[in-house]
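Residue numbers (my numbering), protein chains in the order written: chain A, 1 to 223; chain B, 224 to 465; chain C, 466 to 546.
Hints are computed from structural coordinates only; laboratory data are not their basis. It cannot be assumed that every hint is accurate.
Stated by the list, open to error - Calculated pairs, EDC-like style, for lysine to aspartate or glutamate (alpha carbon to alpha carbon, straight line, at most 20 Å): (1) B:K325 <-> B:D256; (2) A:K10 <-> A:D88; (3) A:K10 <-> A:E73; (4) B:K436 <-> B:E295; (5) A:K10 <-> A:D80; (6) B:K436 <-> C:E516; (7) B:K436 <-> C:E513; (8) C:K483 <-> B:D256; (9) B:K411 <-> B:D256.
The structure displayed is predicted, hence computed values, not measured ones.
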Amino acid sequence: MRTALTILRKDLLLELRTLEMLPAMAMLAVITFVIFHFGLSRDTLSGQLAAGELTVTLLFSAMLGINRLFVAEREQGGFDAFLLAPVDRSAMLLAKATALYIYLALLELVALPAFALFAAPPHMGSSLPALILFLALSNGAFAVIGTFVSAIAVHTRARDLIGPMIGLPLLLPALIATSLGIGPLLTVHASGSPSGKWLAVLALYDLFTALLAYAVFDFLLEE
Amino acid sequence: MTTHVRHLRGLTIATAITLLVALALVFFYVPFDANQGFIQKIFYIHVPLAIVSLVGYVLGGVFAVAYLRTGERAWDMRSYTAIHMALIFSVAGLVSGSIWAKGSWGHWWVWSEPTLVAYLIVILLYCTYQPLRFSIEDFERQSRYAAVFAIVCGAFVPINFMVVRLSVNYLHPHILNLEGGNLPGSMKLTFYTSLLAISLLYATLMKYEMAAKMTRIETRRLRRRLLGEDAMRPLGRSAAPQ
Amino acid sequence: MTVLFGLAPALPLHAAGKYVAGAYVVFAVMLVVYVGIMTRRLRTNQRELAELRRLLDERDSAAAAAHSDASQPPNEPEQVA
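Please take these sequences and the hints and turn them into a complete structure.
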């Protein structure tokens, strides 16, 4: 636990000093909304279309972060140092997944207002708590799968290709649940209360991915 | 090498006989389906292919667990071959499913059929297995990472099916029960015979593939002993375990 | 008879036959292609094994020649065998 906190603090400090990832992720999210505007040729969006735009945009921005997650470790020999230290290997998973979760939450701080501004879905205000609940759960799956995929991809030759190729299909269940859960919240007759079914699916998928990643992560760090 | 070939002949004969019996049952014995008619006969090839390939993916994960536990290369080879064959079977399953959709619903692709959609996602996921192996140079690491991939994705297969099924039921009523819950007796017999035939085919081809791979490795080993490291040809574009 | 036709499937048989045949033919073709690929690999392997055998034979005969060179006058060692 202490190890995880140390790694997490190191990561956040590094990001705070270099500002390498977060601005790029936020920029990508905003530009994706603009691209969607021209691609769909709509001034306002509602329902499933709005939900799809939001989830796909967040997914692509998250991919950017996922690709960079272990780059510092690889380039500066952090892996070797970590493996030499007599600490629990799972600490790396915990720290990296938490870091990614925080990045995603910060990304959404920018992306959600931009989404409200550009897509102007109905009932954005009243369904905001439910929307945040969905994103909080989907970030969990994104963070865990992202860390897992990134840890695999960082040791491959085609690093930037392998990550999304494995990550996107694995993220699809979370994407389906988020998108279908958010969709009804953004319709004209939205009630503002979230669908329990999709919240449950997301929570269970979070749990499933977390347990699975915990079980296999050690094998990705061995030397 | 001989251990892999030992049962191959018996298995091949059993497969050929079962496959012929299954085809005979499909085309000469089982009556037309009351709702779908003749087109329903695709069911007897499509569903066994799908089931066997999915079991094959999960099997790849199970073998991968054995590899991580024991560290024996043979398990890595089994895991690789299981996934490799499952991929081939699932492409055949996907194509036959697509043809069935065209025949009975008029479209080559039907999003409202959750089994087909979930199946596609699984195939897309496993399509990255060989590129992943190929892009890791160190053999030991390659096997280990491939095993981790096989375990995670093997567990992902059933979960994915559940989530996609939920997503479709939410929007549409379920049109057709592909698993054939309550089939009449003759259809049941035909279906299970086909399933057995396709399973045997999977086992045979897997053994065949293993034997071929092992022979290849043996040849390379001989070459190395005979001519030394310099005479080794560079490996071709293959992601197979070495 | 008319009752039978009334119960007949919505799709005419001749149209359905095409798709059923298609599905089974795809399966058969994939099987044949797979066997074809395996045959090609087997042939490559056999060729390589034959090459190794030839090299081994050459090396053996060279060794035998060298051996007979040392013990006997250098007069066509092949004819001894």
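Each hint, compared with the structure:
1. Restraint check: the Cα-Cα separation between K325 of chain B and D256 of chain B comes to about 17 Å, which is no more than 20 Å; the hinted pair holds.
2. Restraint check for K10 of chain A and D88 of chain A: the C-alpha separation of about 17 Å stays at or below 20 Å, so the hint holds.
3. Our distance criterion of 20 Å between C-alpha atoms is met by K10 of chain A and E73 of chain A, whose separation comes to about 11 Å.
4. Straight-line distance between C-alpha atoms of K436 of chain B and E295 of chain B comes to about 16 Å, which keeps the hinted pair within the 20 Å bound.
5. Using a Cα cut-off of 20 Å, the hinted pair K10 of chain A and D80 of chain A holds, with the two alpha carbons roughly 16 Å apart.
6. For the proposed pair K436 of chain B and E516 of chain C, the alpha carbon gap of about 19 Å is at most 20 Å, so the pair holds.
7. Only pairs whose Cα atoms come within 20 Å are accepted, and K436 of chain B paired with E513 of chain C is accepted, the gap being roughly 14 Å.
8. As the CA atoms of K483 of chain C and D256 of chain B are separated by approximately 17 Å, the hinted pair is consistent with the 20 Å bound.
9. Between K411 of chain B and D256 of chain B the alpha-carbon distance is near 12 Å, which keeps this suggested pair within the 20 Å criterion.
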